[in-house]
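Got chain A; can you put chain B on it based on the hints?
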Amino acid sequence: MSETPILTIGAPGLDVDTLVADLQATADRKMKDGVYADARVARAEKTNLVHLRGSDDFITFYLTCLRDAVFVDISDFEIRERRRIIGPLLIVFKRTIWKLLKFYTYRLWSQQNQINGLIITALEGMEEQTGTRVAALEKRIAELEQKTPHGQD
Amino acid sequence: MARTDRIAFVCPRLAGEGAVGGAETLLKNLAIHAATRGCEVDFLTTCAQSHFTWENSLPAGMKQMDGLNIHFFPVDERDAGTFLRIQQSIDRGREVPESDELLWLKNGVNSTALLQHLDQHAKDYRAILLGPYLFGLTYFTALAHPERSLLVPCLHDEPFAKLSCMKRLFSETAGCLFNAQAERELAGELFDYPDAKSRIVGMGLDAFDVDPTAFARNHNLTAPYVLYCGRREPLKGTPLICDYMQAFRERTGRDVKVVFTGSGTIDAPAALWPHILDAGFVSETEKHEAMAGALAFLHPSVNESFGIVLLEAFLAGTPGLVHAQSRVLVSQCRAAQAGLWFRHYPDFEAQLLYLLDNPDARNALGERGRDFVSREYAWPAIEQKLFDAIDTLRPNP
Chain A
154 MSETPILTIG APGLDVDTLV ADLQATADRK MKDGVYADAR VARAEKTNLV HLRGSDDFIT
214 FYLTCLRDAV FVDISDFEIR ERRRIIGPLL IVFKRTIWKL LKFYTYRLWS QQNQINGLII
274 TALEGMEEQT GTRVAALEKR IAELEQKTPH GQD
Chain B
118 MARTDRIAFV CPRLAGEGAV GGAETLLKNL AIHAATRGCE VDFLTTCAQS HFTWENSLPA
178 GMKQMDGLNI HFFPVDERDA GTFLRIQQSI DRGREVPESD ELLWLKNGVN STALLQHLDQ
238 HAKDYRAILL GPYLFGLTYF TALAHPERSL LVPCLHDEPF AKLSCMKRLF SETAGCLFNA
298 QAERELAGEL FDYPDAKSRI VGMGLDAFDV DPTAFARNHN LTAPYVLYCG RREPLKGTPL
358 ICDYMQAFRE RTGRDVKVVF TGSGTIDAPA ALWPHILDAG FVSETEKHEA MAGALAFLHP
418 SVNESFGIVL LEAFLAGTPG LVHAQSRVLV SQCRAAQAGL WFRHYPDFEA QLLYLLDNPD
478 ARNALGERGR DFVSREYAWP AIEQKLFDAI DTLRPNP
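First to last, the sequence lines map onto chains A and B.
Here the working numbering is used: the first residue of the first sequence is 154, the next is one more, and so on.
Here the working numbering is used: the first residue of the second sequence is 118, the next is one more, and so on.
Rather than coming from a laboratory, the hints here were simulated on the basis of the structure.
Idealized CB from N, CA, C, for every residue including glycine.
Hints may be right or wrong, so weigh each one.
Unchecked claim - So the derived label-pair ranges between C-beta atoms look like this:
(1) B:Leu307 / A:Trp262: 44 to 52 Å
(2) B:Thr339 / A:Arg235: 19 to 27 Å
(3) A:Thr274 / B:Asn335: 50 to 58 Å
Stated by the list, open to error - Which residues of chain A face chain B? A partial, calculated answer using Cβ under 10 Å:
(4) Val169
(5) Leu172
(6) Ala180
(7) Tyr189
(8) Asp191
(9) Glu231
(10) Thr258
(11) Trp262
To be verified - Rough simulated footprint, nothing fancy, chain A against chain B, three-plus residues with beta-carbon under 8 Å:
(12) 281 to 289
(13) 345 to 357
(14) 361 to 369
(15) 452 to 460
Extracted from the complex, chain A is given alone in its bound form (with noise of 0.2 Å):
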């Protein structure tokens, strides 16, 4: 028996537009499931988010990925060298560097991230807000249509 393919390149009736809107519909079907919200997406689309300003699903997304990112590492990490001979040295003094500043680092990048928690807690909060607003203005608005047959003031 024969399978037949699902999507099938060049066939008739499918172009890209069809491709293309089936590959979104996916996207954002896992969006909703939550596939995506990540810290990754949203560092990646920091340079995007300019195109997206006109997407009220795009930024309530974005904030959960945001919620992800928003606090800065600052436990200890490896550092690494990529230059062969002189390489070990400065991973020891990279690492003393680091032990001398971390007293003075930590208490700066903690308060960083206080202040990062509540920007988001704001952001998320005006976001919810102005949703629910909107909301119910359209609501009103539909309500009052419905009141006022077509072609009357």
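Just chain B now, with coordinates in the frame of chain A:
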């Protein structure tokens, strides 16, 4: 149009002399092909190569190349501070007075020597083709000889296009040669530009046949790769490529490399660098090899009037992945049935995974692109469109 006609092209830089730019490449190629058909073509440009400094880095004078008489004129002294200050205001969407618009144009790139040359010789030319639209050189040259000026504007939907001086430029010149229907529609929206005053010409592309494995072999690339060719700068969307590819690699665990050709700095996350190949300036053959071997050609710029490199990638049999906000690039993908467009990262991930996991589909898209460009953008067809446009918009006096 008679083969004995003499025409002039005016462009701020000459493509190929250390300068990379779509508009510059377009004008140079149109000029070369007009000369091939027997026209006498003067290509008037400046001594500058860098579009950041506009420093006179080439000697002034005339030289013959590719059948063209190329005249290099020095760029005038300019007040870069004033230019940048006003440019920043325009770019941020602030309203600037008309006097500032002119100050911005005057302190952009200009050449009094080039204007003086045209004051003496303009009457010798059947038409003066000039572009792109947003440079002082184009503006002042076109308005000095509006009756014989045909703009090749390379118009983008950007704040500069909304300046009142641009409305004057478009309304007073004899006509426009657009690259695509989407660009013509944009001119209609911005300037109420009548279709009768314009023609769609575009640029032709010569078919090529390259080994799709050569680039990967020569650069020891064993994993699939995506490609971007051209200027690397935020306006072209190159930081987005790096951000998306870093997220793609981390999230999917798929080893897809990123290849860049062209000029400019690459702004990439540190973790992506081991997976980036910056080939810099490459020959046309090597660029075509890189295109032919790529999984997809990425073109995330939203400000394009004509995606030459995208069409080249189609001609190489490689599908495009473009930003959904670029109506020109999306229309090219649609027309060729050879590319996909993404709104945001989730779309991008889904589309790149699709191309990666469906090589037959990827190849079928590539084949469609190759057929489309070979059919619609062959040089003889474009040359005819160019000559028809000049005949219609600048009838023989």
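Hints, verified against the model:
1. B:Leu307 / A:Trp262: 44 to 52 Å: holds (47 Å)
2. B:Thr339 / A:Arg235: 19 to 27 Å: holds (20 Å)
3. A:Thr274 / B:Asn335: 50 to 58 Å: holds (53 Å)
4. Val169: Nearest chain B Cβ about 5 Å off; hint holds.
5. Leu172: With a minimum Cβ separation of about 7 Å from chain B (threshold 10 Å), the hint on Leu172 (chain A) holds.
6. Ala180: With a closest approach of 4 Å, the Ala180 (chain A) hint holds.
7. Tyr189: Nearest chain B Cβ about 5 Å off; hint holds.
8. Asp191: holds (7 Å)
9. Glu231: For Glu231 (chain A), the interface hint is violated, since the closest Cβ of chain B sits about 12 Å away, which is over 10 Å.
10. Thr258: violated (19 Å)
11. Trp262: violated (19 Å)
12. 281 to 289: Three-residue rule not met by the stretch 281 to 289 of chain B, so violated; n is 0.
13. 345 to 357: holds (count 4)
14. 361 to 369: n = 5 at 8 Å, threshold three: holds.
15. 452 to 460: With 6 residues closer than 8 Å to chain A, the stretch 452 to 460 of chain B meets the three-residue bar; holds.
Going through the hint list in order, the structure does not satisfy hints 9, 10, 11, 12.
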